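S.K.: Each chain, letter by letter, is given below.
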Amino acid sequence: MFEIRDIQVSYGSVTALRGVSLEVQRGEIVCLLGANGAGKSTTLRTVSGLLHPLQGEVLLDGRPIHRLSPEAIVKRGISHVPEGRRIFPGLTVRENMVLGTSNRSGVTREDREADMAKIFKIFPDLDRMKRALGWTLSGGQQQMLAIARGLMARPQILLMDEPSLGLAPILVQEVFRVIKEINAAGGTTILLVEQNATMALHVSHRGYVMETGCIVLQGPAKDLLQNPQVRDAYLGGSKGPS
Amino acid sequence: MTPETSFQAYALRRLKPGHLALVLGAVVVVFLPLLFPSRYAANLLILGASWGIATLGLVIVLGYTGQISLAQAAFYGIGAYAIALGTTMVGLNWWLALVLGLFAATLAGAGLGSTTLKIGGHYLAMVTICFQIIYTLITTNWVAVTGGPDGISNIKRPPFLVPLTSAQRYAWFALGALLLVAGLVWWLRDTALGRAMRAIRENELAAEALGVDTRRVKVTAFTLSAVIGALGGAIYASGYLYISPDSFNFDHAVSFLAMALVGGSASPLGSILGAGLLAYLPEWLRDLKRIYLVIYGCAIILVIVFMPEGLWGYVKLMGRRFARPAAIPPTHRAMQVGSRGTAGEEVLRVENLFKHFGGLKAVDGVDFTIIRGEIHALIGPNGSGKTTCINLLSGLYVPTSGRIHFLGRDIVGLRPSRIACDGMARSFQNLRLFRELTVWENVLVGAQRAGGSEAEVEKRAAAALEFVGLRNKAHETCLNLPYGHQKLLELARALAGQPEILLLDEPGAGLNQTEKQELIQLLKRLNEMGLTILIVDHDMSLVSQVAMRATVLNFGKKIAEGTADQVLRHPAVVEAYLGDREVALGV
Amino acid sequence: MTESMSMVGQLLFAGLSIGGVYALVALGFVMIFRATNVVNFAQGEFAMLGAYALVALWQGLKLDYFMAILLAMVIMAVVGLLFEITIYYPLRNRTFLPVIIATIGASIMFQNGALAVFGPSPEKVRPVFGTEGGASGVTLGGVFFDFQYLVILVVTALLVGLQYIFFEYTLLGKKMQATSQDKDMARLLGIPVVFMIALTFIYSSLLGGLSGMLVAPIFFVTHKMGATLGLKAFAATICGGFGDVRGAILGGLALGVIESFGAAYISAVYKDGFSFLVLIVFLLLRPQGIFGEKVAEKA
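So the protein lines, in turn, are chains A, B and C. Residue numbers are given in my numbering: position 101 of the first sequence equals residue 101, and the series is strictly consecutive. Residue numbers are given in my numbering: position 91 of the second sequence equals residue 91, and the series is strictly consecutive. Residue numbers are given in my numbering: position 53 of the third sequence equals residue 53, and the series is strictly consecutive.
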């Protein structure tokens, strides 16, 4: 339902993505792995409209979206939870979540409350801290809030950029549990960018591995978990100059 | 080669377009008052000259150093009142009064400049405005001393070689002073101090990390601009023979700023152009008298939006083809690196280093040691604290606790420029080049920190450029270089100061495979020359090819150290990069 | 009440009232700064333009006073929008220095435009209650409560209250807060950021214009009136904590009171200087102001 075809993206004179292609089917969790600087975040930012590709296309249900602005793209149902959580520090948990519905028109108060109630079931901690200001939340709680806020948009696809970054191991488990639950219970399609390859592959259906701006491996998550090349992609290993 | 031709060759080589401009300027100075001998015209020339001088002061503080000053009219006024009070009330010799005025301006400028140590940006703008307004309040209200709104009249002219009684003669005097100051400001640009100022404007953090004492340079910039402003005011006072506080208020401070910007704040000639334009605008738009200031305000906006470099920026663009850049000295000796120590000694020792940002523990108890002559890698996943470590080592951050010993001395709490001058050089993860400066000028700033005469600085810079292979690109602006070459330039800039240790923050980021191989070769050569290197990077292939030993961080703590091979096979390291298998299996 | 107490009361009342005007202008500053990170040196000129708009409509076109105020507000809204389009928008990605200079250029344009259109002689406007030239009010306990000063205080309190309600309790207010806290994230959620910023400029222009109309009957309306007003308001925001709404209000009120007492007990001549002295002290000792946070650059 969602496809990236051969995109090339540059930051000034630096080519970040050289011909990246991938696809995500409805209801799947697909992860995008790779070491730092491989181009994972750049890929997500191109999908959500913060960047535009020099070449190639991004298609949602067959229709091109790569020339649209971020506001237009989120209206079409692609919700981006960016790296670094980025919740609004001066607003409460509730307010952050309410703003998550900004992409939908004609939302009534009842709709919002209903959605929030549903999401609070997945994030009971947030329910407890409804009235707390964003900056008072811990890193883990902020990450949960960012995800919850992304869900308030009733997205067709949720793009998640390194949700486990900087979190203590036990919180990392929590985050991945939540990802699984969102997908299982709500059927939300997820494109997940992660550095924590093992955890990501355990919750995903399929995966892609990136290295210096290209996809170098892809396949079902189970297979990738066993694949020694995955490890090499992260640790360099025996690969010399190509 | 006969002595004649060699002298000619030498003279031609040393002659720059600037020299020609000065000669032309002298010609203009001589002819202008001849062409316009009437009293009225001569007065306009005097006004233009004194405004031009004041604006030249802004060139130093704003154009070169990038610090906003809305107090220039106050300094202009200090000079004017010094002459006025000195020659009328106190009966001093004009030149003595001038010196006292310049001295007062020095104190005021240094005082204002020292506020930059704590603040910058809009806050600095506010402080300069306050200073300006308080100055006006005092001159308007302290009637006993300043004469209040009535001002001071019967100001004397300076005793000179010939009596300066006529307006025309004084116009010559004023224009001559303008030429002199213009020459000085122009000369300043290419001195070590001038380069340091321009480096601060481009990227203050990088300048500090390369050994420029940004604190001292900023105060100097303010002081110089104040002194020059005061000189302009002194000339104005003796030109018009009468002053009142109205000529030195906030509106005039804004005018000076506008003149600098419209003409082109980084260029002496441009600013003079701007000053002249504004002095004569009322004349040319005499019919539009009521709205010429509206046009002026509108012009400021248009210039800012469409011509950020001012009118002179256009001229420069066209004149680029005619510019003959300065010659680069030939490299007799290959580049050298710092060699003060003995083999096997500890160059860097980090003990129990902690850095907390509020609740975030970026570095949480790290120890490691770097031996002279080794290439040491600091690796770890994103967010593990590597860049924070480099920032702590180079002095950009102060540790929450812990010790850092560099060449045997504890450097915690020292300014980054001091640490850089002691022999530590670094590159930045996100390139921090001095963008408006040429390749050559960038490297010169790096070379300055090792001291010595201008010739020695140039030799070191040339050697460093040659080493990275950018010698033939010396006069390009950095922005025109491809990304790979920009990274090499940052390296050359760091090397030009003959460092004892080089800290590289992700030198391989953004490079393609070929460029990475070239980088690896460069690093190996540097190591053979005896340079100690600390490298932070994510590319394990690069790291494993150059590093001898490595330290691995995760969540701010050290999780492994040893030779590069050992470390890359260490289970804790593999887990840190791939994720915890045990924990994952529990999901 | 004793005479000195009533004097204190009088000074306090006057100080708070003028402080209210400073607070309104300061609020306009802060709103723009929070949304766009731009320091608007032409903020004071919005006050001047508002006052002149009132003069033109009430005195020039002889409209009914309250009708004139309403129309003048509409004019100010348009001014704010035009300002955003021509000055902020083209420079939105540049560093702060060009923007400061551009707003200074705008302030020069406004000041001299007003001078060209209305001439240099000061204009007088009637107060809300009463007629032109008369100060009407009521005396209580030895303190003369001028109605215009009262109006200023009431309007300031009302506006601050309404603004609080708007930002805390309406969705649009929340969206604007979000825009000023993290513009890019707001875009990612689908918040129309450009529209939010335009609204901010319109609102700030209205605040400025309104404060000019309120203070016009007390002082003369001249093309220069915005300059000092703007600078003092700026000083107030810095002392209160730059970028903080409470700081703007507290700073404005405090500065008004300090000026009032300073002029009476220290020196009337240097009255304008007190604000700047206080400002310098803050800038040197506590640049972040009362409510501000320390700002550091990340390497």
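A few of these clues could be false.
[To be verified] In silico BS3-like pairs for lysine-lysine, Cα to Cα no more than 27 Å straight-line:
(1) C:K224 to A:K75
(2) A:K130 to A:K222
(3) B:K473 to B:K524
(4) A:K130 to C:K183
(5) A:K180 to A:K222
(6) C:K224 to C:K124
[Unchecked claim] Below, a sample of chain B positions facing chain A; criterion: calculated Cβ distance under 10 Å:
(7) T400
(8) S401
(9) N512
(10) D539
Simulated from the structure, these hints should not be mistaken for laboratory data. Predicted model only: the values in this text are computed from it and were never measured. Each residue gets a CB set at the ideal place from its N, CA and C atoms; glycine is no exception.
S.K.: Go through the hint on T400 of chain B and say holds or violated, using the shortest Cβ distance to chain A against 10 Å.
M.R.: violated, 18 Å
S.K.: Check the hint pairing K473 of chain B with K524 of chain B against an upper bound of 27 Å on the C-alpha distance.
M.R.: holds, 24 Å
S.K.: Measure nothing beyond the straight line between the CA atoms of K130 of chain A and K183 of chain C; if it is 27 Å or shorter, mark the hint as holding.
M.R.: holds, 23 Å
S.K.: Given the proposed pairing of K224 of chain C with K124 of chain C, does the C-alpha separation stay at or below 27 Å?
M.R.: Holds, at about 14 Å.
S.K.: Holds or violated: is the Cβ of N512 of chain B closer than 10 Å to a Cβ in chain A?
M.R.: It holds, given that the least Cβ distance between N512 of chain B and chain A is near 8 Å, below 10 Å.
S.K.: Under the criterion that the straight-line Cα-Cα distance not exceed 27 Å, is the pair K224 of chain C, K75 of chain A satisfied?
M.R.: violated, 48 Å
S.K.: Straight-line Cα separation of K130 of chain A and K222 of chain A no greater than 27 Å?
M.R.: violated, 38 Å
S.K.: With the threshold set at 27 Å, check whether the alpha-carbon distance from K180 of chain A to K222 of chain A stays at or below it.
M.R.: Holds, because 16 Å separates the two Cα atoms, which is no more than 27 Å.
S.K.: At a threshold of 10 Å, is the proposed contact between D539 of chain B and chain A supported by beta-carbon distances?
M.R.: Since chain A brings a Cβ to about 6 Å from D539 of chain B, closer than 10 Å, the hint holds.
S.K.: Should the interface hint for S401 of chain B be scored as holding, given a Cβ-Cβ cut-off of 10 Å against chain A?
M.R.: violated, 22 Å
Figure legend: structure checked against the earlier numbered hints; hints not met, in rising order: 1, 2, 7, 8.
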